[in-house]
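Engineer: Take a look at the letters that make up each chain.
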Amino acid sequence: MNLTISNLTKVYPNGVKAVDNLNLEIGTGMFGLLGPNGAGKSTLMRTIATLQNPDSGSITFNGINVLEDQMSLRKVLGYLPQSFGMYPKVSAEDLLEYFATLKGIASKSERKAMIKEVLEITNLYEVRKKSVSGYSGGMKQRFGIAQLLLNQPQLIIVDEPTAGLDPAERNRFLNILREIGTHNTVIFSTHIVEDVKELCNEMAIMNGGRVLKHTTPKDATNEIQGEIWTKKIAREELEKMESKHQVLSSNYNQDHSLNIRVHALERPEEGFVLAEPQLEDVYFLALQSDN
Amino acid sequence: MFTTILKYEIRHWLKQPMTYIFFFTLLLLAAVSMGGIAEAFDEHSEVESTTMLANTSWRLIEVIRIFTNLILLLLPIIFGGSVFRDYKNNVHTVLYSYPFGKKDYLLAKYFSAALVMSLIVLGVMIGIFLGTKIPTVNQALLVPFKLTAYLQTYFVYLLPNVLLVGAIVFSLVAYTRNIYSGFVIVLLLLALQAILNAVLGGMDNRFWAAIFDPLGQNANYFYIRNWAKTDLNTQLVPVKGVVIYNRLLWMGIASVLFGLMYRSFSFSQNAFSFSFKEPVGERFVKNNFGSIIKVNLPKVNFDFSFFQQLKTTWTLSNLDLKYIVKNWMFISLVVAGSAFVLLKGLQIDPAFGYKMLPMTSVMLQLPAILFSGAILVLTFLFAGMLVQRDRMVEMNQLVDVTPVPNWVFLFSKFLALVKMQMFLLVFIFLGGMIVQTILGFHHYEIGNYLFRLYVVMLPSFIAWAMASLFVQTVFTNAYLGLFILLLSTAGATLVPDQFGMEHDIFKFNSAPSFTYSDMDGYGGTLGVHMLFRFYWNLFGGVLLCGALLFWVRGIPYSFKERLGIVFSRFKGRVALVMSVLLIGFLSVGFGIYYQDKLSGGDPLVNFNLEKVSVENELKFGKFKNLAQPEIEAINIHLDIFPATRDFRAKGKFTYINKTKKPIDTLLVHYSFDELTKFDFGNASDLILKDTVLRYGLHRLKKTLAVGDSVLMNFEVWNRPQTFFHHHSDILANGTFLWNSIFPRIGYRNAELGNAGKRKKYGLPEQDSSVRFPSDSSALKNENVHWVHRFEATVSTSKDQIAIAPGYLQKEWMENDRRFFHYKMDTKIKNAFAFNSARYEMMEEEWEGKSLQIFYHKDHAYNIDRMMKGLKNAFAYCSENFGAYQHEQARIIEFPIIYGEFNTVFANSVPFSEGTFLVDVDDEDIEVIDFPYKVAAHEVAHQWWGHQFIKADVRGKSMLTESMAEYVSAQVLEMEYGIETKRQYLKYSMESYFNGQRRESKEELPMVHALLGQRYLNYRKGQVVMCAMSEYLGAEKFNQALRNYIDEVKFQDEATTTSIELLDFIKSATPDSLQYLIHDMFETITLYNNKITTVKTKELANGKYQVDIEFFISKYRTDGKGVKNFSDEKGDSIFYKDEKSLPLADYIEVGIFDKDGKELLLEKNKFSKINNTLSFIVEGKPLEVGIDPYGILIDAELSNNRKVVED
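Those sequence lines, one after another, are chains A and B. Quick note: the first sequence uses my numbering, first residue 9, plus one each step. Quick note: the second sequence uses my numbering, first residue 41, plus one each step.
Just so you know, these hints were derived from the structure itself, not from any lab. We put the CB at the ideal spot given by N, CA and C, even for glycine. Misleading hints may appear alongside valid ones.
Below 27 angstroms or equal to it, Euclidean Cα-Cα: the simulated BS3-like pairs (lysine-lysine) are [what the hints assert, rightly or not]:
no., chain 1, residue 1, chain 2, residue 2
1, B, K362, A, K138
2, A, K138, B, K366
3, B, K692, A, K124
4, B, K1106, A, K120
5, A, K116, B, K334
6, A, K137, B, K351
7, B, K351, A, K83
8, A, K148, B, K1208
9, B, K334, A, K205
10, B, K339, A, K116
11, A, K120, B, K366
12, A, K137, B, K339
13, B, K395, B, K351
14, B, K459, A, K116
15, A, K97, B, K362
16, B, K1169, B, K1106
17, A, K116, B, K362
18, B, K692, B, K664
19, A, K116, B, K366
20, B, K334, A, K83
21, B, K366, A, K137
22, B, K366, A, K97
23, B, K664, A, K124
24, B, K351, A, K124
Not the full set, but computed from the structure, chain B residues with beta-carbon under 8 angstroms of chain A [as the list claims (entries may be wrong)]:
no., residue
25, Y263
26, K334
27, V335
28, P338
29, N341
30, D343
31, E434
32, Q437
33, L438
34, V441
35, V444
36, P445
37, L603
38, V606
39, I1018
Model the full assembly from the supplied sequences, consistent with the hints where possible.
Structural biologist: The following block contains the structure:
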């Protein structure tokens, strides 16, 4: 299982370069695509999912030339967009029946078995007769996963699936993804660093249409071991610190003081203590060094 | 806050290109319409004082009426769009949290839309104005610009319609949050208007039709329907009475709806919805635990084969169909459409015409055509809904990544549309059967229904389904697509016409019409029709491939990118199929065009009647006055071959020189379609032959002395029948061949009449005025002569009966064919025809004469009525006008393909199939027994038409049609009583006034009426003849008629005129009534009599005293409708504001009780305008009347009666 993206570029008519000569190789497992809003994640994922044509570049998956032979990719693709809707007043079961037909399960009994299984996996079996348009956000996302699983996809693309989910739903959702990702390639985009840290065996940080860093969560933190420093400062000191040091993040404490995290090869000044690197540090470092 | 939202909204609309597109489209269309009316794109015609001018007040409203339907469809976009926009973009969730009330929000939305829309429709007014300024317009058709007329049109009709329908649309869209509901309500309003017109179309309901018309058009007609042309050309249409009530009523309805919507509107997230199920509350707790699961999907097989894709296509189409039929827009349009079809089918108000029996062919006509409109609209709409459906609910990204090729999606939607169409056709079928059942008509022809609906009609819908999918795929906005498709239904015909491409192959989905008759089925007309259907479906296939290329998959960001995708997709199978379809389409099109326009094989292919007429006149006009012999005897042998639709005739015509000089040259013209051979034996030399104009000029070897005869031998046969072209009127069942197929001696009188066209071709100005009966040099008739001996042998296939004038002498079989020999014993006119069909025959005897009806086997519905009509008319005519000249009389049915007329020859009366299928309701006095009446009319012609020859001058049809109508009214009275006759005369009077309004040249006095002026010859003629009969007494009047007939009967040389007949009537009229002759026949004279007051009191002896005051006013008009109240001496009489011609007139005064029974009816002589009379009657009076039965021609009959005031 190998997805290769080479020299991919997409410029929108308004001049925005959503994907800029991007190269990326993704293997089996969970791949997290981390980046701020507008980084080009969705464009990249839609392009892989055959929904958009790039201006140039190529994408191959397991020997399938994705841009040329979209139909072959679609057979092994599971895609969940950032937002989606469903026909009103149609039950989950009927909609899955519809998608199963579209995805090529010819036998009625096999469709039935598959639908039952995906409903159970996503814990929607109880509410299968209810209309999806009336589902809560989390249920709807799980339904998205249910329809995605129907064709036993090898390449799964999910675009910011955890946005707006409550912690329990998020947890459940990521667990299912993790489970699927064991044998398949799962690409999921997020701007929540936690998601990646918990799940992914590989990750990329993306901004301005480019991959800033392609690494594993473990390597990423290891790489900056001993370079992250933290200090508790008063609110007024922040601007001074930012001008003197490479401040990655700053968080309020309850007493209105700030905890800042700074990237430096050596102790920047008195009062800083060495901190355990977090994935978040890697993320902010990558974004900052890009600016 | 109101102004903030208002300004914001207006700014929004002004930024939309759509606003300007609508404005300029309307402007352009209006300019072109007005330009067209003012002949900017045509040759200019002669403008006379009665020509309808182009930019008059009523015409502006008329143009607006046409545009209103188009404008109404814009209302959902603007009015609906203004609220819908907020829902669509989910702005409402934010907006509704802002600090403004619903009052500000709704009113600002409505008024901004109203303002924008009123500016857009201003484009129509500006367009109309600019249309009159096109340099090429015919200036003579224009009246000076009148601002009031424009303002009135805009502010009384156009703008209120926009505002009030806009308010209804706005309310509904705000309520349902669905823009399409606005569209549906517009359609329902249009349907309501149509239903109102159907239900309230009768004479007595005009007031209510005017009040309830949502668009106010009927209110306008209410006032102008009786206007003379000169008034229409000069007067402003009135804004008063019902116009104002109508506008107020609908403004009120719109306000109430707006108010209801306003009350129930709330700033909430969800739209109003309703369900029949009670919502069941249920507590629902999510299971948030145990979230580690094992994904172990069952093993399934994936099938991506072509066959599986076909199955998927079918499955998807069923799902789409389910979506369509559950959609409430579909349901409401189907319900409205069905209701309309049922109403139309039941023919609620026959409005004095006559109803047809609900035959299947009738059910398949108007109702089917109306419902077809609904099918088309639904096809357009749902093509868009299906194409946009996934995108509208944001499901498209999920669907687009499934391994399903585009064609599966497109074809499933196509299939769904076709299934929808097939489903809708069931409604026509069921609707027809239900109507038939309700009307107690049980002759169901299921095969006929199914064949017409699913074989003949369906392909035309399928072509539209494909075109709709194309349009809806290219324009990714279902409503815009719908609008474009609706425009293109009209544009498909209008646009090619503008470029001179008038052939059906250039007009999307048009095809030569087919004909249907119960007798002959579709005849040979269906083949070409279906070829065109095939042709347009090939094109539809090309469009469908185009839709496949344009199919939106994924998220293209610009039209440019989409075009790139289109080009990249044009390869492989699509390219191949599309090319094959395109080549097929072009080949078939070229083939048809070649057959019709280019091939030289068929000389009739490029037959241009206009050019031929010009050539005919230029080359042979000089022979117009060439003295020629007259026909004397006819002997014809005709073989009809119904199966191959061929005929072959040969025969001899004998001509006698009845002129005063010897004749040495014979000019013969013959048919253009048929093939002809003729000669005069050895008596002549051919000196000129024109095979194009079909003339032969012969010089006789020996001059034909006065009184001598010459014999013409001829053979005539048809051109070979081909798939594309049919020749001669031979049908497989129901042949009706006229004598025009035979050669004729003399110049062919087929000159162009149109003055403009004559100028164009350089022809001299024609003395088009028909000569007057007083012109003694005009007293002749070149075309009609007596034939003294007539004999014909006709053969046909063994299952058919062939009929010719004369009596059947012999019938025999020969070579498996049936032969009939007919011979006439008296002289007849030289007009005759032949019929052949599989006839049933009804025969009865009347005073030793045989009366026969030849009819199609399923058409026996009215033959008893016809037979009764024959008998009664024979009885009436022979008693009053002398003996019938023949031994037999027969009615012969011919297929409706030839038309819906009834005609007459010597002893035979061909009736259209339509007359056999008239539905007579004996319960309904307003529906006269049409078959009975027509039979009487045609029998009357055996006297009035076939016993004398009319001079070819003005007023000649008074001798035939007016008399036949008089007789039919009398014969109607014989059977059905005086009430029925009065109803019929009321209808005639109404038709006379209608015809008068439609007159394009000038109305003439009765004795000078022209041949084409049916409203005079038939309708006024009947009214005045009946009036004379009433005033003189029927016996005295008929005696005068008989004296006339006795005078002119079968006279050989002389012709007769209306004046001659009138002289006989005059001599029977006492001096005191001579004024009637002058009023009714020699001038155009009208009364406007009215009751002003009526008082009654009960007397001591139980009787009642009635005091009536009434006005009598009589005036003349010229041919243009200009009134004149002075007589020839210039005298008038006056009373207050009333004027009249001097009076010494006898007029009926009547008093009626509550049952309409006459308490008193007497003629009195009046010489003043204002009159008061006092009567004492036996019963309690309810109503009084001056000329209560409308015997006289009265411009306003409704005020002739008045209900008694207590």
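Engineer: For B/K366 and A/K97, compute the direct alpha-carbon distance and say whether it is at most 27 angstroms.
Structural biologist: holds (11 angstroms)
Engineer: Hey, B/K395 versus B/K351, does the alpha-carbon distance stay inside 27 angstroms?
Structural biologist: Violated, at about 49 angstroms.
Engineer: If you draw a straight line from the CA of A/K97 to the CA of B/K362, is it 27 angstroms or shorter?
Structural biologist: holds (13 angstroms)
Engineer: Holds or violated: are the alpha carbons of B/K1169 and B/K1106 at most 27 angstroms from each other?
Structural biologist: Holds, at roughly 22 angstroms.
Engineer: Is the straight-line distance between the alpha-carbon of B/K334 and that of A/K83 27 angstroms or less?
Structural biologist: Holds, at about 23 angstroms.
Engineer: Compare the distance between the alpha carbons of B/K692 and A/K124 with 27 angstroms, and conclude whether the hinted pair is satisfied.
Structural biologist: violated (92 angstroms)
Engineer: Next pair to validate is A/K116 with B/K366; report whether the Cα-Cα distance is within 27 angstroms.
Structural biologist: This hinted pair holds, its Cα atoms lying about 25 angstroms apart.
Engineer: Hey, B/K692 versus B/K664, does the alpha-carbon distance stay inside 27 angstroms?
Structural biologist: holds (24 angstroms)
Engineer: Mind checking the alpha carbons of A/K137 and B/K351 for me, to see if they're no more than 27 angstroms apart?
Structural biologist: holds (25 angstroms)
Engineer: With a cut-off of 27 angstroms on the C-alpha distance, tell me whether A/K148 and B/K1208 pass.
Structural biologist: The hint is violated at about 92 angstroms.
Engineer: Would the hint linking A/K138 and B/K366 be met if the CA-CA limit is 27 angstroms?
Structural biologist: Holds - the C-alpha atoms of B/K366 and A/K138 are around 18 angstroms apart, at most 27 angstroms.
Engineer: Regarding the pair B/K334 and A/K205, is the alpha-carbon distance no greater than 27 angstroms?
Structural biologist: Holds: B/K334 and A/K205 sit about 22 angstroms apart, inside 27 angstroms.
Consistency note: the structure conflicts with the earlier hints numbered 3, 4, 8, 13, 23, 25, 37, 38, 39.
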